[in-house]
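> Two chains, two separate frames, one set of hints: put the complex together.
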Amino acid sequence: MKRAPSFMDLKDLIAVGLLAIILIVVFPALLDGFRLNLVAKYLTYAFVAVGLVLCWGLGGILSLGQGVFFALGGYGMAMYLKLEASSVENTKIQSTPGIPDFMDWNQITELPYFWQPFHSLPLTILLIILIPALFGFVIGSAMFKRRVSGVYFAIITQALAAIATILIIGQQGYTGGVNGITDLRTLHGWDIRTDSAKFILYFVNAILLLCIVGFAMYVRDSKLGRILVAMRDKEDRVRFSGYSVANFQIFVFCLAGVFAAIGGAMFTLNVGFMSPSLVGIVPSIEMVIFTAVGGRLSILGAVYGTLAVNFAKTSLSESFPELWLLGLGGLFIAVVLVFPNGLAGIWRDYVQPHIDRALKLNSKDPTDPAANVAKQAAAASPAE
Amino acid sequence: MTTIGTPPKEYLLAVEGLTVSFDGFKAVNDLSFYVDENEIRVIIGPNGAGKTTVLDLICGKTKSSAGSIRFREKELTKMSESQIVLAGVGRKFQTPSIYDDLTVFENLEISYPRGRSVLGALTFKRDAAVRERVAEVAEAIFLKDRLHDNAAFLSHGQKQWLEIGMLLIQDPELLMLDEPVAGMSVSERIKTAELLNTIIKNRSVLVIEHDMKFVEDIAHKVTVLHQGKILSEGSMEKVKNDPKVVEVYLGH
Ligand SMILES: Nc1ncnc2c1ncn2[C@@H]1O[C@H](COP(=O)(O)OP(=O)(O)O)[C@@H](O)[C@H]1O
Ligand SMILES: [Mg+2]
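Line order of the protein sequences matches chains A and B.
All the letters of the first sequence, read from the start, carry residue numbers 1 to 384 under the numbering used here.
All the letters of the second sequence, read from the start, carry residue numbers 1 to 252 under the numbering used here.
It is worth saying that the hints were derived from the structure and are not from the lab.
Hints are not guaranteed to be accurate.
[To be verified] Simulated crosslink set (DSBU-like; lysine-lysine; CA at most 30 Å straight-line):
1) B:Lys-61 / B:Lys-229
2) B:Lys-26 / B:Lys-61
3) B:Lys-240 / A:Lys-234
4) A:Lys-234 / B:Lys-201
5) B:Lys-61 / A:Lys-145
6) B:Lys-201 / B:Lys-229
7) B:Lys-201 / B:Lys-74
8) B:Lys-213 / B:Lys-63
9) B:Lys-213 / B:Lys-240
10) A:Lys-234 / B:Lys-78
11) B:Lys-63 / A:Lys-145
12) A:Lys-234 / B:Lys-63
13) A:Lys-11 / B:Lys-125
14) A:Lys-145 / B:Lys-78
15) B:Lys-26 / A:Lys-145
16) B:Lys-74 / A:Lys-145
17) B:Lys-244 / B:Lys-229
18) B:Lys-63 / B:Lys-229
19) B:Lys-26 / B:Lys-201
20) B:Lys-74 / B:Lys-221
21) A:Lys-234 / B:Lys-144
22) B:Lys-244 / B:Lys-26
23) A:Lys-234 / B:Lys-125
24) A:Lys-234 / B:Lys-74
Isolated chain B (complex conformation) (with noise of 0.2 Å):
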């Protein structure tokens, strides 16, 4: 473990001493870092460097070889993924993951936290709650003219905000977004910008993201992965001027 003692005060999420390797390369290296409430905290790093498996691993995609992350008194690399969300944690993927054959509105009732065992959801009722968050959301992530069409015809923006949304309705209190503007056209990146602005309220963030401007703008804080392992992290004004920072990353 690379931290002595365990930390003073009490974080939203721990990770500690986090390793996972496949097939003997370790895609993450004894790594530590640490969210607090209401923080919103943009993790970047060249391609390769291991944020998407840090997700992975946060959410229960992939287990982890040692380490530990605790969430909230839990320990989570003991727990299956739906045990995870219910925990509170949402997870955006990278390329765009929603129900293509659904409709908007059915895309973002799966997600609704109601109705998750085999009984709930067959006994499921479409209520008034239901169809007004909804609504809600389909409003905040611009597809309430859309909510009948299958997702399948949605543009490529599109299906982020929808799985944006999915999370959002999911209202957990971990929030990992993965890229969430790859891909977009500039307009959809400040329409995206606006909508994250707006839901990181009230709850923590962890973003992976590439594009600085856009992380100047939400981060609280950043950590800069490399090969596995914490290169740098701080203020977006101390990672920005670090030499090591700039060499890999900022440099080209």
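This is chain A alone, in the form it adopts within the complex (with noise of 0.2 Å):
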């Protein structure tokens, strides 16, 4: 139960670093490049996984609207890559050169003024953090400022992943539609279609969901994450100690989306589109599942169970393909009601303590139990 308050201490050196080798060396080694590529897409799911961690099981804050955000970054990726792909060179043969193909099939003459900051790939990056970060913040405020928590939040969010569809769905001109927006070509002039490119990003991909992951753990130990534990636990207390709660949730409310966008604008670079069947309520409610199914007080559980789920998934829906969507319900059922600390918990009440047992009958001075836990309480307590 007790975890050591400082950043990065032994035992989550050894996690984090035991993912990278399997994200870096060993999943390279064996899957090939088709594998490798899936494995990606499934990486960048894993974005939001972290970011629910923080949002959801630290804070207490249920979002189900996850994928707006991951639309947020993910289409901002692609319009980049797709006014980059609509050179006048490569859409000659429109009636209006120059622009995305879909918009030349919907009879639009001139590149609608917000694309036009996606012409610029530095403006692409900043702005697949920062409009996340403004959305969330004005979703969070309006509805954190008033108190509005809990399952009425959960459900202004459900809602807002169904109004993006629409509207993604409805304004096909601006959108790309239904097909989302297709035949990504560069990045800045690099072809990403290639399998060496592919390769490429992978790994860049999975150094990023590191990175991510170290900076969730940052969060995670810093007083900030105990103050979110705190408001999930007596959000008045909270208040009553000086502190604006609303303020908290909309940081870490801004922060869950602004990982999931990297996630979004990262599927984009791996995966090669952006459509909405990634925006609406089913998948938001999948990343809910993939980090409930990780455990979600776990940064890392996270990040397994979402791999966990999608190969499940993978192999599942080849065969089954109806199948599916009641098995991740079933799962989302089982993992509630018999292992509510998901893969994380079942790690650590069934194979962590085998390990320290192996490991205690190693090491040379044999200690007994009890004074080995006063040995790491006294290692984890701050006084000493």
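Shown next as structure tokens:
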């Protein structure tokens, strides 16, 4: 139960190191290009799941609309890539050359103003962070300052996911509609469709995810992380200790949103398109399930949970596509009822004790468990 | 307003004409009272008299329907809960309100008055000053051996102490305690009285309590509340012998 509050203690370091080895050495060594690209796709969802650990697991704020943030990042990147693919040269057969093909099909003759900034890569990267942060801030301020929380907040975010899908599909001249933004080719002149580009993008994605994991751990181990837990427990007490609870809720909601947006942008780069199928209610709920399966309090659990559910989804839906949704629902119920701490809880309760025991058998001075616990407590104690 | 003109001297806390109604029911009704600096005021009264509601109003948990609450030149009725805390008002709830999932150390650390903004919390350093203060308070609240246990594992009495400790570390000018010894064993009560006697130095305290022995021990002045109004006010001696008080409160 007890965690040393210091950032990146030995245990964290080993665990993150292990994940890094799996992502950077094991997967690339074992998987072919196609499978590795699939893993890259799964890992982009893990950005969302890590954000949900902070927002939902620690802070108790359940958002069923993370797909919206995923879309803000994903579409931002897709708009940049699409503009680069729609040079006058490439689109000279259109009635208006130089604009994305779907706009031309929808009788649009001029690039809309909100597409203009996405001509520039630095601006695009900036907007991929800023727009979701701003959106999170506006929604968060509107909700949390009014003390909307719990189920009401979850329902409102779910409605946002539905609205976003409807907007994207309805405005097909501006967004590519139900097909999304496809036929993406180059990133600043670098062809992202080749096998070697996909291989490189896999590593960029994995390393970025490890950075986000590290940052999330920093937040968790800071006093802010403990305030999030305190808020989940006793919101009023936090208020009467002199904190503005709404500000902390807004912050963590924005942070989770930015993580999700980075994941969305990486999705577009790795998978090569962005579409409303990744935005709505179902994908948003799936992201919550990844987090729950991993263990909603565990940042690393979120990554493993995302991978596990997606591997299962891919293999199951290849053979029994119609069973997948049922399986997913069943999985969620099982996790909530039987393993509320998900994979991380199973690891902690069933695997970790064996490892600890094995390590102790090997160590030279055999100490009794009580003394060992006391020693750990002393090591964890900040007062010593 | 029941008071005519402004009070001649400067009080730490001046409550005037305070009223709150819940769906027409006036839980606190045109209430006025004043608390001096370094004064220990005890509020007594039967269940449902509105005692807890008065504290709720002062600390901003409940918004008043009418009246004013002035604390050091500041109008508290217009401030948010966290602003009221920053102004120097601390409050202990009737049932222990602590963070079960955090350790005793972390519970106290969160109440340490530094790094209360988002950025401040993110960059907060657990330095020697924090550790020393937490250790000091933990010692005072009899929990120095439990610093690294989760608060969920504490007994009811220990939870009450922890919450008192959280207020202590906050170092408020006005400390409000809602039934601090309720539900405690006799030995815990004695220790708590001892604890309160040490922490009430150099600040004003507003205590709600039923234990008359305890009240006699600490009160400078007693306010008796009944149906949202003041029934009697003054020294313990005076209040105890007030026939109205005997009838509605002390008599049974
Ligand atoms: N938030 C509220 N909504 C409606 N009624 C309330 C609320 N808070 C308190 N009351 C009512 O106000 C009265 C005073 O309650 P309270 O202040 O808790 O009494 P005491 O602490 O003196 O026992 C009670 O009748 C209670 O039911
Ligand atoms: Mg009460």
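> State for each hint whether it applies.
For each hint, the structure was consulted:
1. B:Lys-61 / B:Lys-229: Holds, at about 20 Å.
2. B:Lys-26 / B:Lys-61: 17 Å, holds
3. B:Lys-240 / A:Lys-234: Not OK: Lys-240 (chain B) and Lys-234 (chain A) at ~38 Å, beyond 30 Å, violated.
4. A:Lys-234 / B:Lys-201: 29 Å, holds
5. B:Lys-61 / A:Lys-145: At roughly 15 Å apart (the allowed maximum being 30 Å), Lys-145 (chain A) and Lys-61 (chain B) satisfy the hint.
6. B:Lys-201 / B:Lys-229: Status holds; Cα separation ~29 Å.
7. B:Lys-201 / B:Lys-74: 23 Å, holds
8. B:Lys-213 / B:Lys-63: 33 Å, violated
9. B:Lys-213 / B:Lys-240: This hinted pair holds, its Cα atoms lying about 12 Å apart.
10. A:Lys-234 / B:Lys-78: 24 Å, holds
11. B:Lys-63 / A:Lys-145: 16 Å, holds
12. A:Lys-234 / B:Lys-63: At roughly 20 Å apart (the allowed maximum being 30 Å), Lys-63 (chain B) and Lys-234 (chain A) satisfy the hint.
13. A:Lys-11 / B:Lys-125: 21 Å, holds
14. A:Lys-145 / B:Lys-78: 16 Å, holds
15. B:Lys-26 / A:Lys-145: 27 Å, holds
16. B:Lys-74 / A:Lys-145: Within the cut-off at roughly 23 Å; holds.
17. B:Lys-244 / B:Lys-229: Judged against 30 Å, a Cα distance of about 13 Å means the pair holds.
18. B:Lys-63 / B:Lys-229: Between Lys-63 (chain B) and Lys-229 (chain B) the Cα gap is close to 18 Å, so the pair holds against 30 Å.
19. B:Lys-26 / B:Lys-201: 35 Å, violated
20. B:Lys-74 / B:Lys-221: Judged against 30 Å, a Cα distance of about 24 Å means the pair holds.
21. A:Lys-234 / B:Lys-144: 23 Å, holds
22. B:Lys-244 / B:Lys-26: Cα-Cα ~21 Å, so holds.
23. A:Lys-234 / B:Lys-125: 23 Å, holds
24. A:Lys-234 / B:Lys-74: This hinted pair holds, its Cα atoms lying about 27 Å apart.
Hint compliance for this structure: hints 3, 8 and 19 are broken, all remaining hints hold.
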